[in-house]
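**Student:** Chain by chain, the residues:
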Amino acid sequence: MYIPYDILIIIVLLLLGYGFGQLAEKKHYRSIRQRESQFEDIHVFSAKTLPADWQLLSTQLVQGNVVVSVDYFKRFLFSLRNIFGGRVEAYESLIDRGRREAVLRMKQQANELNSDAIFNIKFETSAISRGLSSGLGSVEVFAYGTAIKKALD
Amino acid sequence: MLITNIESVPGQTIVKHMGLVQGSTVRAKHVGKDILAGLKNIVGGELKAYTELLQDAREQATQRMIEQAQGMGANAITNVRFATSSITAGAAELFVYGTAVVIEDVNN
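Line order of the protein sequences matches chains A and B.
Position 108, counted from 1, in the first sequence is what our numbering calls 108; the numbers after and before it change by one each time, with no gaps.
Whatever position you read off the second sequence (first residue = 1), add 1000 for our numbering.
Because the hints were derived from the structure by calculation, they are not lab data.
From the three backbone atoms N, C-alpha and C, an ideal C-beta is built for every residue, glycine too.
Just to be clear, a hint being listed does not mean it is correct.
[What the hints assert, rightly or not] Here are the computed distance ranges between Cβ atoms for each label pair:
(1) A:GLU36 <-> B:HIS1017: 21 to 27 Å
(2) B:GLN1063 <-> A:ILE3: 22 to 28 Å
(3) B:GLN1070 <-> A:PRO51: 46 to 52 Å
(4) B:ALA1028 <-> A:LEU113: 30 to 36 Å
[Said to hold, decoys possible] With a Cα cut of at most 25 Å, we get these calculated PhoX-like pairs of lysine-lysine:
(5) B:LYS1048 <-> A:LYS122
(6) A:LYS122 <-> A:LYS48
(7) A:LYS27 <-> B:LYS1016
(8) A:LYS48 <-> B:LYS1016
(9) A:LYS26 <-> B:LYS1040
(10) A:LYS48 <-> B:LYS1033
(11) A:LYS26 <-> B:LYS1016
[What the hints assert, rightly or not] Coverage of chain B stretches by chain A, computed from C-beta distances (three or more under 8 Å per stretch; other residues unrestricted):
(12) 1015–1022
(13) 1028–1042
(14) 1063–1073
(15) 1076–1085
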């Protein structure tokens, strides 16, 4: 009997991607939510100007980056979605995880410096291509800003 | 060396502008790590090897920028921006630039 091994391999990869991908994503979101509540008193602003009445102690550039990759199953979903167009939810969650993780790492750095707020946050997103055939596989999100430490009133 | 990505250094006055300073580095990835990342691509999630690679590269670019500013006699860099561009498949350039300035404490 003829067994189409290549199709078998694709099915196994899809199942692996779906199973472990979902698990990993749930775990990551749990950890993101937990750390977001831990650092919620460090406020992040996209504004450049500081409140005039702040007595400042220190200023420091802080940054955070992460490279996240989408799983095989979601990549397959995307290739289907690409036929008809429309919203690609599989990739939305990837970028969302990346952004939140990058902000959290930046906040972690600010926390180590005992900062109170981060001003002028900038995001940078770049696709890390792995050959032309695989298309968008992984994405790097980089966040940076100026951490400010206030003097006690 | 004080680095900010806003136009000023809060709480300090800029007494002298020294001009643009920049640092860049081009990095390629390790084949072994690339194979591991390829496997990780099946299940998704963070590719730690790449995260570290890019972080190290940014640190080096920043270090080069700081050295340039120190050579000019500056003690702070304001308005810092980062840029990333992939040159070919497998190599990325990390570029950082800012304005070197001399600052003085506003209270003195």
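**Student:** Of the numbered hints stated previously, which ones are contradicted by the structure, given in increasing order?
**Tutor:** 1, 2, 3, 7, 10, 11, 12, 14
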